[in-house]
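Q: Chains as they are written, first to last, in UniProt numbering: chain A, 1 to 266; chain S, 1 to 266.
Hints are not guaranteed to be accurate.
[Said to hold, decoys possible] Stretch-level coverage of chain A by chain S, calculated; a stretch enters the list once three of its residues show a Cβ under 8 Å from a Cβ in chain S:
1. 37 to 46
2. 94 to 104
3. 114 to 126
4. 135 to 141
5. 151 to 158
6. 174 to 183
Keep in mind that the hints were calculated from the coordinates and are not lab data.
A virtual CB, placed ideally from N, CA and C, is assigned to each residue, including glycine.
2 protein chains.
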Amino acid sequence: MAQAHQKQSTFPPYELLYHPGIPGRGEFIRLAFEAAGVPYTDVANDSKDGYGIVQKTCMNDGTESSDGNPPVFSPPALRVPGAGKTGKVLVISQTPNILFYLGDKLGLVPEDDEDAKFHVNQIALTALDLNNEVHDTHHPIAVMQYYEEQKPEAVKKARDVRENRIPKFYSYFERTLKGNEAGQGKYLVGGKLTYADLTVWQVVDGIKFAFPRESEALEKTFPQLMVAFYRGVREEKGVKEYLGSGRRLKYSMGVFRHYPELDRQD
Amino acid sequence: MAQAHQKQSTFPPYELLYHPGIPGRGEFIRLAFEAAGVPYTDVANDSKDGYGIVQKTCMNDGTESSDGNPPVFSPPALRVPGAGKTGKVLVISQTPNILFYLGDKLGLVPEDDEDAKFHVNQIALTALDLNNEVHDTHHPIAVMQYYEEQKPEAVKKARDVRENRIPKFYSYFERTLKGNEAGQGKYLVGGKLTYADLTVWQVVDGIKFAFPRESEALEKTFPQLMVAFYRGVREEKGVKEYLGSGRRLKYSMGVFRHYPELDRQD
Chain A
1 MAQAHQKQST
11 FPPYELLYHP
21 GIPGRGEFIR
31 LAFEAAGVPY
41 TDVANDSKDG
51 YGIVQKTCMN
61 DGTESSDGNP
71 PVFSPPALRV
81 PGAGKTGKVL
91 VISQTPNILF
101 YLGDKLGLVP
111 EDDEDAKFHV
121 NQIALTALDL
131 NNEVHDTHHP
141 IAVMQYYEEQ
151 KPEAVKKARD
161 VRENRIPKFY
171 SYFERTLKGN
181 EAGQGKYLVG
191 GKLTYADLTV
201 WQVVDGIKFA
211 FPRESEALEK
221 TFPQLMVAFY
231 RGVREEKGVK
241 EYLGSGRRLK
251 YSMGVFRHYP
261 ELDRQD
Chain S
1 MAQAHQKQST
11 FPPYELLYHP
21 GIPGRGEFIR
31 LAFEAAGVPY
41 TDVANDSKDG
51 YGIVQKTCMN
61 DGTESSDGNP
71 PVFSPPALRV
81 PGAGKTGKVL
91 VISQTPNILF
101 YLGDKLGLVP
111 EDDEDAKFHV
121 NQIALTALDL
131 NNEVHDTHHP
141 IAVMQYYEEQ
151 KPEAVKKARD
161 VRENRIPKFY
171 SYFERTLKGN
181 EAGQGKYLVG
191 GKLTYADLTV
201 WQVVDGIKFA
211 FPRESEALEK
221 TFPQLMVAFY
231 RGVREEKGVK
241 EYLGSGRRLK
251 YSMGVFRHYP
261 ELDRQD
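Construct all of the structure, not just a fragment, from the sequences and the given hints.
A: This is the structure:
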């Protein structure tokens, strides 16, 4: 439970169901709660038998996740007691789906602006596509095999992602920042923090960890994104507190991994 | 323009912006309009200079797509004159974002059931993830290089996707169908057609084209998905008319490609 952020509120007891010990795709959901200052339980990390609940709900072979909700393909999932039809438990999955669901409720989309909500969503979806492509730099062939079994392919894939894909995505984020006058270079959509900002920030941060040399070289080309925006999001109240807390997990063997041989070599 | 489906309505003049000549990711949007019987313009295929408009809107290097909307990372995009703030043109992108936007408006989500809308969305997102993984079977290393330049890696990647990934996704769809009593094995969420059904159907259909031998072998394991559901969606009124029309483009060099060496060999 994010104790530091508990406050009087009408929020339901949100539960994040994800693997323990890694930021992974769960991190996009954590950042949304933390930036909004809304309490949530990180089930696998917050209790001893938490991962058993995650596995039972999200990784079973049955025809439902739990409580009459459809199966979950893969964590993360969000469990919300009392939010479902006629007061039941609601379970939804897929990272961008959870973010879209929470966006309104956590105040992480512009209010009363339907257009802007879909613009926020398209940017978050694009950042999550980049997240997947970066994952594939160390697992280009088979997700269930070890990195060491696909290292020659990983070197090739990482080079393409670093040299072609990351710049294409970063150019899009840079241009979006520049085109959003209301955001003054700090926000991608509108004049305050949205989950698009958090999602893009997390991917840029992960890429800085995975490819520090490439990231350093890219700063000159994308200063709005990689310097002004990146630093600005890090200083947002809820984000700053979270990043300084023990709840922020270290990158290790998840989506973002640092293998020096996959980074820029010159 | 989908002439066969024109009817009196209050729908705005929806425009699909996508590459010409291939089904690709645009096909998920086409299927939604066609199944709903709602008119739309397929800009690049319907007029001689249409692709110029797509390129100018979706593939420019500027800080907006058009009409004050943020840039588009990549087609498809949806252009809706009159739908934006204060009567402006709205442009949104990212396939699942467009489907979520249209779901309500085209009657392709259960009515008055917020939970079900997020369940529809999570299933569509998962099918689109599988779509991406199948794309990567012929382009595991670099999307801008030729297949022939990455064929050894493609053979390895395709084997993993066929043997491990497709069965994992198909099991999820099969179990979702079985768990949804209201759908009687025909629909993934609720008791009538949603864009989750259309999106899953398109991916199963594309995989049948790309990997016919593997698909045939999988039918025994996933009969609900690959036989009952697959045939049922194909017989839905709008879908059936569309598939028999010239508007349904043939698979060729897009996401779904048939290279016999990437299919099951025994």
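Q: The structure should be examined with respect to each hint, and the outcome stated for every one.
A: These are the hints, each one checked on the structure:
Restraint check on the segment 37 to 46 of chain A versus chain S: 0 residues with Cβ-Cβ distances below 8 Å, three needed, restraint violated. Check on the segment 94 to 104 of chain A: 5 of its residues sit with their Cβ under 8 Å from a Cβ of chain S, so the three-residue criterion for coverage holds. Note: the segment 114 to 126 of chain A has 8 residues with beta-carbon separation from chain S under 8 Å; the three-residue rule is met and the coverage holds. Requiring three or more residues with a Cβ within less than 8 Å of a Cβ of chain S, the coverage given for the segment 135 to 141 of chain A holds, as 3 such residues are present.
Counting residues of the segment 151 to 158 of chain A whose beta-carbon sits less than 8 Å from any beta-carbon of chain S gives 3, enough to reach three: the coverage restraint holds. For the segment 174 to 183 of chain A, the stated coverage by chain S is satisfied: 5 residues place a CB nearer than 8 Å to a CB of that chain, which reaches the threshold of 3.
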